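*Asks:* The task is simple: from the sequences and hints, build the whole structure.
Residue numbers (our numbering), protein chains in the order written: chain Y, 196 to 517; chain P, 14 to 309.
Keep in mind that the hints were calculated from the coordinates and are not lab data.
Computed from a predicted structure; not experimentally measured.
Keep in mind that the hints are not guaranteed to be accurate.
[Stated by the list, open to error] Derived CB-CB ranges, DEER-like:
| # | chain 1 | residue 1 | chain 2 | residue 2 | range |
| --- | --- | --- | --- | --- | --- |
| 1 | Y | V367 | P | W219 | 54 to 60 Å |
| 2 | P | G72 | Y | F489 | 55 to 61 Å |
| 3 | Y | W282 | P | I48 | 35 to 41 Å |
| 4 | Y | I277 | P | S259 | 23 to 29 Å |
| 5 | P | E162 | Y | S345 | 50 to 56 Å |
| 6 | P | I48 | Y | I277 | 33 to 39 Å |
| 7 | Y | A404 | P | I48 | 18 to 24 Å |
| 8 | P | I304 | Y | S467 | 46 to 52 Å |
| 9 | P | T99 | Y | L413 | 47 to 53 Å |
| 10 | Y | F397 | P | G289 | 36 to 42 Å |
| 11 | P | G164 | Y | A425 | 56 to 62 Å |
| 12 | P | I304 | Y | V367 | 42 to 48 Å |
| 13 | P | T99 | Y | L304 | 38 to 44 Å |
| 14 | P | A202 | Y | L413 | 34 to 40 Å |
[Said to hold, decoys possible] If you want a taste of the chain Y side facing chain P, the calculated C-beta under 8 Å gives, among others:
| # | residue |
| --- | --- |
| 15 | F272 |
| 16 | F333 |
| 17 | E364 |
| 18 | L376 |
| 19 | I480 |
| 20 | V485 |
Note that beta-carbon positions come from the ideal geometry of N, C-alpha and C, so glycine has one too.
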Amino acid sequence: MARGPGGLAIPSGDATAGRPAPSAPGVRPAVPGAPRSDVPLGHRLRRRLPAAASLGLTAFVLLILFGPVLMLALFSFNDSSIISLPWEGFTTRWYDQASSDSQAIDAVLNSLLVASIVTVFSLVLGMLAAWGLTRLRFPGRGFVAGLHGSVLVVPWLIIGVAGLIFFSELGVTLSLQTIGLMHLVVTFPLVVAIISAGLVRFSRSLEEAAIDLGASQLQMMRHVVLPHIAPSLAAAGIFAFAWSFNNFEISFFLGGFEQTFPVWVFSILRQSENLPLVNAVSTVIALAQVIAVFGAWRLMKRLTRNRGGDNALTELVTGGVR
Amino acid sequence: MESASVPLEASPARRRRSRLRPLAFMSAPTALLAIFFLLPMVVMLVIALEHGVVSGQSGFTLSNFTDVLTDPLYREVAVTTVIIATSAMLIQLVIAVPLAYVLAFKAGRWELPLLLFLVLADELNPMVRIYSWRMLLGREGLINSALMEIGIVNQPVDALLFSEFAVIIVLATSYLTYTVIPIYAAMKAIDSNLFEAALDLGAGWWTSARRVLLPLIAPGIFIALLLVYIPLFTDFASPALVGGTSGYMLGNAVQDLVLESGDLNGGAAMSMLMLGASAIFAVVAYRLSKIRQLES
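*Replies:* Spelled out as structure tokens, the structure:
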């Protein structure tokens with residue numbers, strides 16, 4: 196992970212190493228704070244300052260985003276029941292303990308189960324709605340589109356509380372099903388947003404051409420549309436899975452006696468007991484997530500290869516928010 | 014513009030099918046949202062307008078709302094919440110604007126890997142991230158034990174954890190992905206020569222950034238506010254785990270009302286107020302982003 200910013204300008208170092216002495220208190224390249232006083236110091240410094248500041252900023256951001264999690268992983272191997280210096284020696288006993296802790300295992304399995312099912316349903320509903328909203332015209336389309344969009348800005352806390360009240364009024368027992376249902380409600384509109392962005396970019400004349408040349412609706416979908424939105428579909432699937440797997444707010448209010456992984460971590464941290472166990476489980480989860488994201492990246496690179504690869508990927512990342 | 018797939022001279026049967034097609038595509042998603050998104054909101058509003066069970070009265074009332082709004086304790090919590098959410102947002106923008114600039118114009122072949130790292134940062138479990146910060150900042154945490162080992166301080170610095178400061182730090186690192194990406198998207202859409210030209214013509218860094226870059230990326234900043242400020246404002250996991258009593262936020266108040274004191278009516282009223290505030294904020298941010306887009 197440390198290889199991140201290395202190639203920007205100067206071989207990588209820590210956050211402060213590459214920054215020239217006279218400059219800026221913070222790490223701000225280019226935009227506001229870079230001092231004007233660098234002009235008299237000549238062109239070389241003026242050219243180098245932005246590059247060094249860029250590198251410093253990037254290193255700083257990677258440090259605050261991933262540094263704490265790396266420390267957490269490191270201390271899952273520390274042979275001490277309190278998470279603190281000094282280092283007491285290497286051990287894997289927290290992993291042994293975690294592998295026989297039924298609460299931890301249940302929580303992780305619950306999260307995997309819910310996220311898998313939510314992802315499948317999100318993709319199906321999301322594709323239907325994205326197609327309907329971008330390709331079909333019907334009365335009330337504006338309202339329906341607004342409804343899908345509004346879900347994305349309603350805070351999960353509110354959805355959790357409203358769901359809790361709703362199900363308790365109905366007399367429904369809270370369980371993994373209620374968690375999954377409300378996850379689906381917040382996740383599939385995200386899929387709609389990502390796939391719609393893909394469909395809007397994709398020229399409709401190709402679809403018309405396919406129909407004119409005698410393709411059936413289904414053939415057109417299968418051979419023309421699907422290959423084009425495959426990267427969007429993959430991205431949507433990954434985000435849907437992550438949103439459900441990582442969701443804390445909704446699972447917390449709607450789980451009843453059943454715990455997902457984030458809820459389990461929360462409850463252990465509230466009691467502040469047996470923390471190294473949390474380190475061990477968290478490390479495994481984080482590692483799996485790293486592998487998943489890099490795997491997905493490779494998959495998407497393959498899917499977009501014949502359409503300008505890297506450009507298509509940046510388009511994909513930015514497309515959903517335009 | 015008829016549906017792309019319908020030829021102009023469609024047979025009556027085909028036309029009927031095409032009229033039914035929106036129903037086939039849209040009914041399931043819309044029904045799901047109507048039943049499990051809109052309806053719970055309506056139920057919550059009704060509960061917020063009902064008398065509590067303890068009062069023994071029936072009928073509708075506004076007292077749940079007035080109780081929440083007039084309680085000086087909640088007013089204090091609201092102020093803390095706004096301070097924490099706004100500080101975290103400002104920190105993120107101060108980092109995100111230059112970072113988006115670096116990504117869009119300076120990173121070159123590192124652009125995509127760095128974007129991937131940003132996506133990865135978002136995929137990592139937020140609870141794991143909160144815990145990792147708590148581990149660093151705590152009384153017996155790594156920063157304190159390192160400081161004591163070196164001998165800079167004799168006593169652990171308590172202020173690091175269970176403070177507004179801790180909540181701000183944790184929140185500021187939790188949503189960075191969603192702050193950077195809209196601004197990055199806005200920067201990608203502008204011509205980098207514009208900024209370089211302003212520099213070449215003798216405008217300083219600050220002037221060029223303020224007069225050229227900032228107006229062009231304003232829509233992206235408003236989208237970032239729309240995506241990030243609302244979750245910051247309603248967060249309750251971070252304050253519950255690293256906030257202590259001084260970092261108590263509105264989200265914690267809702268949680269305590271609903272789950273600890275079992276006051277569903279009060280919790281519902283507070284949730285409705287937060288929902289209203291979020292909705293107003295969302296509409297304003299969305300409009301501003303659109304207006305800016307039209308101007309530029």
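*Asks:* Give a verdict on every hint.
*Replies:* Right, here's what the structure says about each hint:
1. Y:V367 - P:W219: 54 to 60 Å: With a Cβ separation near 58 Å, V367 of chain Y and W219 of chain P satisfy 54 to 60 Å, so the hint holds.
2. P:G72 - Y:F489: 55 to 61 Å: Holds - the Cβ-Cβ distance for G72 of chain P and F489 of chain Y, about 59 Å, lies within 55 to 61 Å.
3. Y:W282 - P:I48: 35 to 41 Å: violated (54 Å)
4. Y:I277 - P:S259: 23 to 29 Å: holds (25 Å)
5. P:E162 - Y:S345: 50 to 56 Å: holds (52 Å)
6. P:I48 - Y:I277: 33 to 39 Å: With a Cβ separation near 48 Å, I48 of chain P and I277 of chain Y fall outside 33 to 39 Å, so the hint is violated.
7. Y:A404 - P:I48: 18 to 24 Å: violated (39 Å)
8. P:I304 - Y:S467: 46 to 52 Å: holds (49 Å)
9. P:T99 - Y:L413: 47 to 53 Å: holds (52 Å)
10. Y:F397 - P:G289: 36 to 42 Å: Once the Cβ atoms are compared, 38 Å apart, the range 36 to 42 Å for G289 of chain P and F397 of chain Y holds.
11. P:G164 - Y:A425: 56 to 62 Å: At roughly 59 Å between Cβ atoms, A425 of chain Y and G164 of chain P fall inside 56 to 62 Å, so the hint holds.
12. P:I304 - Y:V367: 42 to 48 Å: The hint (42 to 48 Å, Cβ to Cβ) holds, given that I304 of chain P and V367 of chain Y are roughly 44 Å apart.
13. P:T99 - Y:L304: 38 to 44 Å: holds (39 Å)
14. P:A202 - Y:L413: 34 to 40 Å: holds (36 Å)
15. F272: This interface hint is violated because 14 Å lies over the 8 Å limit.
16. F333: Status holds, d = 4 Å.
17. E364: OK, holds: E364 of chain Y within 8 Å of chain P, min 6 Å.
18. L376: holds (6 Å)
19. I480: I480 of chain Y check passes; min Cβ-Cβ to chain P is 6 Å, inside 8 Å.
20. V485: At 6 Å from the nearest chain P Cβ, V485 of chain Y passes the 8 Å test, so the hint holds.
The earlier numbered hints that this structure contradicts are 3, 6, 7 and 15.
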